[in-house]
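One letter stands for each residue in the lines below.
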Amino acid sequence: MGGGKPDVWQGTLALMVLKTLEVMGPMHGYGIARRIEQTSGHLLSLNYGTLYPALLKLEQEGYISSEWGVSDNNRRAKYYKLTRAGRKQVEKETHDWEQATAIIARFLTPGEESR
Amino acid sequence: MSTLRGWFARLGGLFGKESRERELAAEIESHVQMHVEDNLQGGMTLDEARRQALLKLGGVEQAKEMCRDRRGVPWLEDLLRDVRYALRDLAKNPNFTIIALLTLALGTGATTAIFTLISGVLLKPLTYPHPNDLITVHAQTNRYGDSWGLSYPDFLDSQRDSEPVMQMASWTGGGGTVTEPGEAQYVDGREISSGYFLVLGIPLVRGREFLPEEDRAGGAPVAIISYGLWQRLYGGRDAALGMPLVFESKRYTVVGVAPAGFGVSEVSAEGKTDLYTPLGQNTQLRLRNRAARMIRAIGRLRPGVTFHQAQTAVRLIGLRLAKDYPDDAEQTFGVRELRQEIVGDVRPTLWLLLGAVGLLLMIACANVASLLLARAVSRERELAVRFALGATRGRLVRQCLAEGTVLALCGGVLGLLLATIGFRPFVTLWPGSLPRAEEIHLDWRVWLFALLVSTASGLILSIAPALRASASNLERTFRSESHAIAKGSRLHSAFVATQIGLATILVLSAGLLGRTILRLSSLNPGFDGHNVVTARVALPSAALATPAQTRATWRDLIDHAQRVPGVRSVAVVDTIPMREGINPLGYSASASLPPVDRMPLALATSVTPDYLNVMGVRLREGRFFTEEDRSGAALVIVIDEVLARHAFAGKDPVGQRLWVPAMGPAPVQIVGVVSHVRHWGLAGDDESSIRDQMYYPFAQVPDSLIPFFSTLMSVAVRTDVPPLNVVKPLEEEIRRSSSGSTLYEIRTMDQLASESISRQHFLLVLFAIFAGLALLLACVGIYGLLSYVTGRRVREIGVRMAIGATPQSVVRLVLGQSILMIATGLAAGIAGSLAAGRLLASSVTGVRSNDPFAFVIVTGVLIAAALAASLIPAIRASRIDPTIALRYE
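Line by line, the protein sequences give chains A and B. Per my numbering, the first sequence starts with residue 12, numbered consecutively. Per my numbering, the second sequence starts with residue 12, numbered consecutively.
Just so you know, these hints were derived from the structure itself, not from any lab. For every residue, glycine included, the Cβ atom is placed at its ideal position computed from N, Cα and C. There could be a bad hint or two in this list.
Sample of chain B residues at the chain A side, in silico, Cβ under 7 Å [to be verified]:
1) Ser41
2) Ala60
3) Arg61
4) Gln63
5) Leu65
6) Leu66
7) Gly69
8) Gln73
9) Glu76
10) Met77
11) Arg81
12) Tyr238
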């Protein structure tokens with residue numbers, strides 16, 4: 012929206028969340044949101060409100076689980092962590108994503124194969 | 012996988028809403044707090060920190076709403092809300108709801124009850140393993156029209172030659188008297204080939220079935236008994252195997268016990284078989300005769316063989332046999348599914364009934380639909396308001412659909428309850444015995460059917476209101492209400508006309524059946540069946556030792572029967588009119604016999620002299636038999652008037668000669684002519700292919716055939732008292748007679764005559780009930796519509812009366828509205844009835860579809876009923892008081 016930053020497009024947010032949880036361990040929603048922005052080098056503009064339905068979806072699909080805990084500054088927050096199915100899913104999606112980007116990359120950088 | 016899991020989680024999200032809502036609020040709140048704290052640390056003011064946090068989140072409520080959408084299933088929640096709304100609405104109008112539910116329950120209940128029968132009898136696979144591989148094999152002869160069994164030699168050849176495509180087995184009926192162990196008793200039996208149980212796929216509970224070497228002449232005498240007989244005679248002990256059993260004076264050894272329940276409707280619908288003996292051990296002549304087609308053959312297709320392949324194979328075998336044995340070349344072979352064989356002619360009856368109740372259901376739906384429509388019209392304003400307030404058309408249409416569907420499903424549940432008890436009377440009242448009756452249950456097919464029927468009716472119910480809700484002129488409702496009413500009542504009239512049309516079809520069908528019954532009952536059966544009782548006789552085998560002894564036994568039996576008080580006359584006869592069993596013989600009126608397949612056929616009946624008196628058959632010319640017509644005397648014959656007309660048109664047949672090859676090469680002399688007897692039943696006789704009849708003296712049956720005939724003979728008794736009263740003393744007297752014979756299949760002739768049209772009776776009763784209900788519903792529909800419309804026009808009628816309209820003209824005004832509707836419905840209904848009449852005529856013997864009298868009567872009844880239903884609202888309208896009406900709103 013603002014500042015010419017690209018929006019997060021459909022489907023990629025889930026992978027970002029899963030990857031974040033894989034790297035960082037259990038986190039609360041706000042933490043995940045901040046971490047995603049940070050990882051993107053603040054190039055992404057994330058509407059935090061869209062994060063929660065995404066978390067809910069991942070939880071319904073069984074890739075993450077949640078429980079209430081206490082944050083660093085002693086505040087009650089809901090913590091999310093990766094399940095075993097989630098770990099597999101990260102692997103699979105990472106692989107898919109790499110493949111997809113590799114294909115797109117061939118179109119974007121003209122080489123001898125594309126002719 | 013995980014998508015599925017997600018769905019379950021979302022469905023689960025429909026419940027426990029409040030705790031989730033609280034948790035979500037807490038999570039968002041903690042998110043905002045953390046963000047605010049971070050912002051404060053970044054140096055913002057509190058207000059700014061909070062504003063930025065909320066901005067970034069996109070609003071607390073918006074975030075929550077996104078989660079809610081994700082959490083549950085929005086359209087499902089909408090649906091539940093619609094259903095709740097519909098239920099509340101129905102509860103608010105109990106009168107409407109009760110009437111609508113009862114009407115729908117009646118429709119779906121009747122339809123489901125009939126479908127329960129169809130499911131159990133026609134659709135359910137037979138209870139044998141791989142039932143679709145089971146077939147029956149027939150010989151078809153052009154002369155007899157119908158299909159027959161095989162002869163035993165033909166069966167053996169077919170069994171051998173069809174080896175690659177199927178396993179074949181065969182059976183024939185063979186009841187008799189068991190004298191040991193226990194008291195002497197008559198049991199239904201079957202002679203079966205080895206492999207009978209194997210082909211059906213039914214293992215015996217004890218012992219084994221017949222070995223091939225036992226299934227031939229001279230084999231060891233072995234028997235298989237039913238589970239019931241095992242319990243009765245041997246107390247269910249294992250020791251029964253190897254025990255002796257004396258059947259028809261022959262000593263058998265029990266080698267097997269059939270499972271419980273087996274033998275009830277195996278292969279044919281009738282009889283409960285208690286005893287199985289090896290068919291191949293039967294040394295009777297008829298088993299060696301290639302023209303005696305008395306063996307029923309069954310087969311199990313080998314894996315991978317199709318029905319058509321089997322059909323072709325069997326046809327080829329038939330053709331080859333016809334070539335090898337040209338004397339019997341008139342036959343061809345064919346196969347049929349075993350299930351079809353068992354079900355027989357029940358199939359068209361059941362589908363006819365389903366058609367009738369289907370019409371009833373449609374009337375019920377049209378009735379309730381018009382009620383719903385009337386409600387929808389009166390709620391037009393409410394819909395318009397909701398539309399104006401922003402409800403989408405889709406929502407309004409969904410609302411209407413929910414209402415109709417909820418109503419129909421509730422009606423369906425009631426209907427299903429109704430069907431659970433409702434199908435039983437059909438089974439018990441079924442004419443004859445309903446095959447597979449014990450297999451009729453409310454199975455999954457019935458549930459599915461009820462669900463489909465209710466859903467379909469729900470859609471039909473909702474269409475009209477839904478169309479109105481989606482119509483583009485909702486906003487116009489505010490401006491003009493009368494426009495909406497006029498449009499509503501046109502649709503409404505269409506519904507009522509539909510009801511009248513459908514009711515016409517049912518009432519006319521009932522009318523046609525009623526006329527058929529009247530016509531058939533007034534027919535002269537050709538005999539006087541009043542006070543006549545008949546029974547088959549099982550002679551003990553001692554009586555069959557020599558032909559002379561057998562003849563003496565029969566004479567003795569007649570003498571004893573004659574002594575029973577109340578008995579007027581007694582005869583012994585092989586085939587009884589209207590009962591199963593015929594003996595068609597070819598005949599010729601000249602010495603130059605035509606080829607076998609062109610020879611005319613007559614039903615031959617072998618009788619004792621008193622037969623004419625017992626049956627009350629009229630003697631037209633000449634004489635009937637006397638005691639002098641015995642073996643050794645000249646062979647004599649009596650013919651009926653139909654044969655006389657066919658063979659001797661115009662000439663006096665008495666004294667003429669008739670060549671009957673089955674009775675020997677020499678001609679027999681005709682001594683008399685008697686009236687025609689409707690042997691094939693009141694309904695069937697006119698349409699049967701063999702109507703000629705001849706009688707010959709039992710005393711002149713040659714010695715060689717006497718043992719065979721003795722297994723077929725029945726005793727017929729004319730009484731001076733109600734015939735069933737003499738049955739007990741007659742049975743005792745006959746058992747006391749020197750022979751010790753027993754009676755079975757005891758029937759009065761009145762019973763047989765009414766059984767011969769019991770199918771027509773049964774259909775008439777049911778159609779009459781359905782037609783009555785249909786007429787009632789249609790009249791309620793007419794009444795409801797006119798009351799409703801006149802109610803809406805009270806003010807207009809008031810104005811008319813205020814400016815001088817008479818009550819008569821108001822009645823005319825209202826009736827005028829209904830007459831068009833009645834005429835339309837009736838015209839459509841009569842057109843439909845023509846088709847229905849043809850269907851009835853083709854599937855019910857004796858019905859004539861071109862019956863103008865029935866059409867006139869039924870049309871009159873319908874018009875009268877429809878006008879009566881219209882008259883009440885019309886008269887009520889004519890009594891409107893203008894001064895009150897003008898203030899009415």
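Note to self: To test your reading of the hints: which numbers does this structure violate?
What the structure shows: Structure breaks hints 2, 3, 4, 5, 6, 9, 12.
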